[in-house]
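Colleague: Here is how the chains run, residue by residue.
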Amino acid sequence: MRRRLPGLLLCAPAAFVLGLCFVWPMLSLFRMSFYEGEGGTLIPAWSLATFTRLAEDPFVRDVTLDSLGLAAFCATMAVLLAYPMALFLFRTTSRLRGLLAIAAVMPLLVSGTARVIGWMALLSDQGLINQLLGAFGVPTQPLINNWTGVRIGLTESVMPYAILALIAGLGRLDRRVEAAAASLGAGPLTTFWRITVPMTLPAISAAWLLAFVLGVSAFITPKLMGGGRVFTLATEIFDAAMETLDWPAAAALSVYALLLLSLIVAAHAALTRRAGA
Amino acid sequence: MRTGPFVTALAAIGYAFLLAPLIFVIAVSFNADAFLRFPPSGWSLRWYAAILENDGILEAMRNSAILATLVTVLALLTGLPMAWAIARGRTPAWMLNVATAPLLLPTLVIGLGLLLALTPFRLVATWPGLVLGHLVIVLPFVVRIMTTALLALPVHLESAAAAMGAPPLTVFMRVTLPLAAPGTLASAALAFLLSFDETVISLFLVGPRLTTLPVELFRYTQSRTDPLVAALSVALIAVTLLVVLAVERLVGFTKTMGRS
Amino acid sequence: MRGTLAVGLLGLACTIVPARAQAPGQVVLMAYPGIFQDNYVDTVTRPFSQASGTAVQYFPTTNSAQMLGTLRTQKGDPQVDVVIMDTTTAAAACAEGLVEPLTEAEMPVLKDVHQIARQAGGECGPGVTFDHFVMTWNTQTVQTPPTAWRDLWNPAYRGRISLSSPPDIQGLVLTAVLAHAETGDWRNVNSTFQKLREIAPLVQTFNPQPDSYTLVLNDQVGFATGWNARAQYYRDQSNGRLGVLLPAEGTGFQINTINVVKGSKNRAAAMAFVTYALSPDAQAAFTNRMFYAPTNTQARPSAEALGRTAAAPESMSKVVAIDWAEMVKLREAWNQRWRREVIAAGGR
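Chains P, L and G supply the protein sequences, listed in that same order. Reminder that position 19 of the first sequence reads as 121 in our numbering, one-by-one numbering, no gaps. Reminder that position 2 of the second sequence reads as 758 in our numbering, one-by-one numbering, no gaps. Reminder that position 287 of the third sequence reads as 278 in our numbering, one-by-one numbering, no gaps.
I should point out that these hints are in silico values taken from the structure, not numbers from a laboratory. For each residue, glycine too, the CB sits at the ideal point set by N, CA and C. Hints should not be assumed to be uniformly reliable.
[Said to hold, decoys possible] Reference excerpt, derived from the structure (chain L facing chain G, CB under 8 Å, subset only): (1) L871; (2) T875; (3) R878; (4) V880; (5) A881; (6) G963; (7) P964; (8) R965; (9) R975; (10) T977; (11) Q978; (12) S979; (13) R980.
Next up, chain P with everything else stripped away, as it sits in the complex (with noise of 0.2 Å):
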């Protein structure tokens, strides 16, 4: 019999790492969101204080609601979108199709503030935008530094993700079946709404969740394009620690967030196994 070489052992190095800047940090952010805080001073204790103060507030809950909506918004938009993108990646016979991956997925490797840059010139009161529709006589739209802004960019920086799942899903897609159909007479679009969407409802609904807890999350986005207007969990996260350094409320605000994504990944995936079922 030949000599195993024992899993664990190989994965102990990655494990150690994982534990070192994983495990422990989130370990001091349970621990954090326990203390008391006085005007920035913290004093160690186990005390639910600041939850308390942050579960009787109504602006955490409206947060929050706003928080899920955007992110339900962008990454539902964001699927819309990347959809026919991984479909046409996904069949296309095009000598360009590397390339055309690429710019599929490069906004994921560049810096959100560079995207955000962009956005500003496009999007602004004097921006393109607006420089055109004034051209028609159209007023000038607010399409930045409000909810709409953050909004578009949103969208736009989850989307790479939606597209890198959607393609890893469409794999199950068998074109033998759609080519069946469209033999049996059925047109393009039966076709794809009777076949391709139904068979692709899994990478669909992975790729949704994906960009919504990106969205979630997201960060330089909102703090960037929203004008001061757009709180979200995260804004208030990065606001807690580095503004008012409110250290335990931003600490229990984090433990908060996570609880909430946590659910909500729970749930999408009962409800897949049940679709699945």
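Using the hints provided, position chains L and G relative to the given structure of chain P.
Modeller: The following block gives chains L and G in isolation, referenced to the frame of chain P:
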């Protein structure tokens, strides 16, 4: 089945939306004005020249390059064995979920956790601190991609070598690694870029001693008014594109990506 | 395992790769970014380095709150030697023992520092610049020159206004100045918040990016809140495109203090730098360049520059006496009211 005109048209809209901000950053970067505005009153390369005269940015650039290299090497060294163990069923399957869990968490939360954890040990704004901070996203990524890449390899070659008496390490070095080289190279490139462009976690972990390029970029946007930011962004995009295209040439990057 | 070994070695290696070493005799100064940095380096830190041979590394940080955060995370192992920050934040740093108390015995130049600047720092470092709160406006696109904040309550200006909301200090001063103009007491803010709610829908942004001066210059907005010194500087840079107004409602002082960080590894050099920064020459040079009023009573900047600072009779006469110690207590409540009452009312 060919791509119909309908799908192609919709895909084109998607592309236009997705790439619009990048295209406009490029346009703004050739601005001749002293402040960001569009369209510019004239075109010039002055902001590109300005990058080369800015010591702070050049140092941050150097730091980011060193950091990304260290992180990539460490992530591959630790991630590869784990990916192999997962792909060959040597560990329970949930290991992959555990290892990739950090990818699902908000980076902001991870960054805050790291700040809290590293502060007592005076690791904030140090190389080990930043390396750890970047590994938390790069390592899971490498494990995920490499697991997929290794799963796609023919197992029988490894079994054959083992059956002929080659020790496991030899099998890994002589058979598995050469076969997995394209995937490894692609994931190394992605790991490098992920670390090189990482902003949010770094934001919590930099300091006067040590800062990175994306953080400088973020700070610059918040404090400066000139189009140097745009020029710098374009430089970053160019670096990214070069790396990706080089890998594509060498190993067919997109194939790896399609499969992962 | 060879892998594990390699990891260990690499881990070791990355502790050895030198982070920028803090050379002895070098001072790390943490202060504001942008044009403050450019001009401060030109007129203060570079002359200091040339005269003393001590290098100064300037570490720009977005705002005072983030500076305080940095000082806190580095308590016990400071990477910064000298910090220039807003007086309210500095008071917290002083109370927490993050910065050192300074005495005239150890730093004789303190004798020449203006009384207000000394009080602003408490027993820690004194004020190093005086500035005041203004309105900036675009002189080319705004038809009627404004005279007061109340001019902005005008539907024609929808989308043309930038207000920096709290926690930015500009938002706090704006609230106080408006309250004072209306009721005579800057703390009496209830009706002011009502007024602010009315202007909120006209506001383009409550968090100008990259800053309010740029938005005015590139005509994203017509009017913005700002600080006098920066505004004066941009006015010159833009050949008068940016206008600076001291509104009829009045203004508030903003004082930056300079402090030596407790536990500084280069304490002697840090003390020498603070002494230089407070000296008449350095103060006058920075005033001439950037229109912050000097805090050293012996400083002699040009009359032209001084006339455009917070020390000018016009601005002195319009200053609302805000007690910052009290403001610190009100700050969080105001911050929350801005978010919940004002900004929430200002959809765009």
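Colleague: Could you run down the list of hints and mark each one as holding or not?
Modeller: For each hint, the structure was consulted:
Given the 8 Å rule on beta carbons, the hint for L871 (chain L) holds: about 7 Å separates it from the nearest Cβ of chain G. The beta carbon of T875 (chain L) is positioned within 8 Å of a beta carbon in chain G (closest approach about 5 Å), and the interface hint is therefore held. Taking 8 Å as the C-beta cut-off, the interface hint given for R878 (chain L) holds, the closest approach to chain G being about 4 Å. A cut of 8 Å between beta carbons decides the hint on V880 (chain L): the least distance to chain G is about 5 Å, and the hint holds.
Because the closest C-beta pair between A881 (chain L) and chain G is about 6 Å apart, less than 8 Å, the hint holds. Interface restraint check for G963 (chain L): the shortest CB-CB distance to chain G comes to about 5 Å, inside 8 Å, so the restraint holds. Restraint check, P964 (chain L) versus chain G: the minimum CB separation of about 4 Å is within 8 Å; hint holds. A cut of 8 Å between beta carbons decides the hint on R965 (chain L): the least distance to chain G is about 5 Å, and the hint holds.
Because the closest C-beta pair between R975 (chain L) and chain G is about 6 Å apart, less than 8 Å, the hint holds. With its C-beta approaching chain G no nearer than about 6 Å, T977 (chain L) sits inside the 8 Å limit, and its interface hint holds. Look at Q978 (chain L): its Cβ gets to within about 5 Å of chain G, closer than 8 Å, so that hint holds up. The interface hint given for S979 (chain L) is met, as the beta carbon of that residue sits about 4 Å from the closest beta carbon of chain G, less than 8 Å.
For the restraint placing R980 (chain L) at the interface with chain G, the shortest Cβ-Cβ distance is roughly 5 Å, inside the 8 Å limit, so the hint holds.
When each numbered hint is compared with the structure, no violation occurs for any of them.
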